[in-house]
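With the sequences and hints as input, model every part of the structure.
Just so you know, the sequences run in chain order A and B.
Oh and the first sequence: position 181 is 181 in this note's numbering, straight run, nothing missing.
Oh and the second sequence: position 138 is 1138 in this note's numbering, straight run, nothing missing.
Think of the hints as simulated: they come from the structure by calculation, not from any bench.
Note that the structure is predicted; figures quoted are calculated from it, not measured.
Check each hint, because a few of them may be wrong.
[Claimed, not checked] Straight-line C-alpha distance at most 20 Å; calculated SDA-like pairs for lysine to any residue:
(1) B:LYS1266 / B:GLY1241
(2) A:LYS183 / B:LYS1266
(3) B:LYS1054 / A:PRO401
(4) A:LYS183 / B:GLN1170
(5) B:LYS1132 / A:PRO191
(6) A:LYS190 / B:LYS1068
(7) A:LYS183 / B:GLY1241
(8) A:LYS190 / B:VAL1070
(9) A:LYS183 / B:VAL1179
(10) A:LYS190 / B:LYS1054
(11) A:LYS9 / A:SER28
(12) A:LYS190 / B:GLY1241
(13) A:LYS190 / B:ASN1021
(14) B:LYS1068 / A:GLU427
(15) A:LYS183 / B:GLY1178
(16) B:LYS1068 / A:PRO401
(17) A:LYS135 / A:VAL12
(18) B:LYS1068 / A:ARG392
(19) A:LYS380 / A:GLY317
(20) A:LYS46 / A:LEU319
(21) A:LYS148 / A:ARG127
(22) B:LYS1042 / A:SER197
(23) A:LYS190 / B:MET1155
(24) A:LYS380 / B:HIS1138
(25) A:LYS9 / A:ALA23
(26) B:LYS1068 / A:ASP389
(27) A:LYS190 / B:ARG1175
(28) A:LYS183 / B:THR1165
(29) B:LYS1061 / A:PRO191
(30) B:LYS1068 / B:LEU1092
(31) B:LYS1068 / A:PHE58
(32) B:LYS1068 / A:GLY317
[Said to hold, decoys possible] Stretches of chain B that chain A covers, calculated by requiring three or more beta carbons in the stretch to come under 8 Å of a beta carbon on chain A:
(33) 1101-1112
(34) 1127-1137
(35) 1184-1192
Backbone N, C-alpha and C define an ideal beta-carbon position, used for all residues, glycine too.
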Amino acid sequence: MSMKILLDKVGVAGIETLPVYRAHGGYSAVEKVLKMAPADVVEEVKKSGLRGRGGAGFPTGMKWSFIDKKSGRPRYLVVNADESEPGTFKDRYLMEKMPHLLIEGIVASSYALEANLSFIYVRGEFRWIIAILEKAIAEAKEAGLVGKNIMGSGYNLEIVVQTGAGAYICGEETALIESLEGKRGNPRLKPPFPAVSGLYGNPTVVNNVESIAAVPWIVNNSGESYAKIGTPKSAGTKLISACGNINYPGVYEIELGLPVEEFIFSPSYCGGIKDGKRLKAVVAGGSSVPILPAGLILKTANGEPRLMSYESLSDGGFLTGTMLGSGGFIVYDEDQCIVRNTWNFTRFYHHESCGQCSPCREGTGWMERILHNIEYGHGKLSDIDLLWDVQRKIEGNTICPLGDAAAWPVAAAIRHFRDEFEWHVREPKECLVRNYGLPEATVATV
Amino acid sequence: MIKVTIDGIALEVEEGTTIMNAARRIGGDVVPPAMCYYTSLKGSGGKCRACLVKVAQGSAKDPRPMPKLVASCCTPVQDGMVVLNSTSPEVLETRRSIVEFLLVNHPLDCPICDQAGECELQNFAFEHGLQKTRSEFHRREFDPIDIGPHIKLHMTRCILCYRCTQVADQLTDERVHGVLWRGEASEISTYIQKAVENDFSGNMIDVCPVGALTDRHFRFRNRVWFLNPMDAHRHCTKCSGKVVLWLRGEEVYRVTARKDQYDEVKDFICNECRWEHFETKDWVVEGPRTVEKWSVITANKYTKETVELPDQLYSKLDNTKWDAFEGVT
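In structure tokens form, the structure reads like this:
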């Protein structure tokens, strides 16, 4: 059985309340960090090898060490809880089940960053989670774990829950900061990076919920202990939100390095493919990462078993690999249509593009229309090459990674499943695997 | 001073200079095109991606190339940086794709567009675009609307460069327009029509690179290549009063601010200068304006029609006379 760090107490009755959480050792990390120097806490997180769990996988401790402490300006910690990538729903689960773990992580992390004000930027649709978080913060404040003079240490920290209005782009750290400042959620040009000039122009660290929730364990058990879990380049555990055509969809905490095959087929995790069908493909890290066919998701190009880790999933680059991303694991069985799936993803990115830069604003719409035509039997063979060309010209040319996120799924789908695209063109209105039979008018483009 | 090399040409610039401005010191083909960047508007640039360049060497200290193309308008140069603009096939290919993206939803109605002859997108497409479109989809359409008493917004032509909203933010008393919605559905709007009526709102027309914001007083009254631009000034308490009068004969067709070779205005003008003085006697005319950027305006010898033509020109059937004629200067 895999080790659990974040979800080990899930299932304990009342763990979302402060008394039960404290009875199970909660807030011991806060007690410990308040006796440490902030720089030592940063050092401990660096040693842990914890990588950002939002998708990019940047080392958390290193990110913290970039924060400008010399300027003397206020510093902020912003927790990115604007989870909205299709297929990713792990932060929502963590906040719902373990709100105090997140708050404990925020206090410890803010202390390390010498920040006195922290924000949790939550997706507005998570109304019930916002209520849970606000209740937990109130409890912690009442107990002197948040607010002024925490545990008599002289350290002050206020935590503000800020709701977004439901725009995917606000999950991008600079767009999130813009939104937090009350402006339109458009990404900023980098540099300057938020660690130098972030919220209100002050040094800011933006971290994912899961990254911050891992900090209490690291503080309590040392960075070295955390680094021993998982693989050398992918330390610790990771929440994976599994969905699609599997027997047991849900949120799982896995030790990084778990074989993908075991994750899909073991009864402890996904429990195999639904109705005994065959595995066709997997999107391993949320809708923005490249899709991989069954052969490549189970084994790397070298024939070694593919592992659930940053380095193993990306083995071979995008030609034969993908990314761990945010851990949104979507499984497709043999009956699923890749063209339709790609069109659906592209429809999402077209809808969610902020419209600031031209390749993303115009390119996502263009791709969506081409894919719509192919899916509904109006495509030409040359459309597939055009689609390939358009995605290639979006990738890398936009202000923020949303352009890449829109381009990668299209590129991977054509790379690995070109025959399905050609079939859609040659056999109009007939999907290779299944004709959905939806009237075209009901699924017209936006 | 720090050293930078652009397309093999080395120069020294002050620290903090962007790649775009360093290239502009050199001039010519080394200067990347700019559809959204505007020197005097704070926060402009980075959006259209027309000015992407390749950084082949980050700096002398860290010679690694930058992994992606960077927006030259907002990337500061570093000492020892090596930049490739027109010498990089990757940059030129990307630029071709940016033209294509900008034209996916932009109508190809140059013959009837009021901006023809002054359109930056038209020039950009002419220099970097493809001969034909690869998009077969219906372009987005909006009805033209009046925003304020002087300006007509034709959103269909807008490329969302955000320049006009920055003018409103930075030059006018209050901003009453902005960008609504998001992505491809984004549109410039006042939300309440006819709301733009502040003193410097006319500058929104001058900064618009395409024909999205047009002057309701000038709109479709003439083509720019038939007009004679003259530098002129008047005493004005609100602005510098330095303008360009666009004349046909003695009639003033429109008044605009003065643009430099990059189509940028340094001295923004007030609405009084722009729309309340259409008599040449209101102005001190300095002389013909030299349009610095290559344009159909410069190509046209607008003095022709004021010159009395020699009789021989009317004998059109006699070709030998035409051959002998050396032209009117």
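Worksheet entry | Contradicted hints - numbers only | Per hint list: 2, 5, 7, 12, 14, 19, 20, 21, 23, 27 violated.
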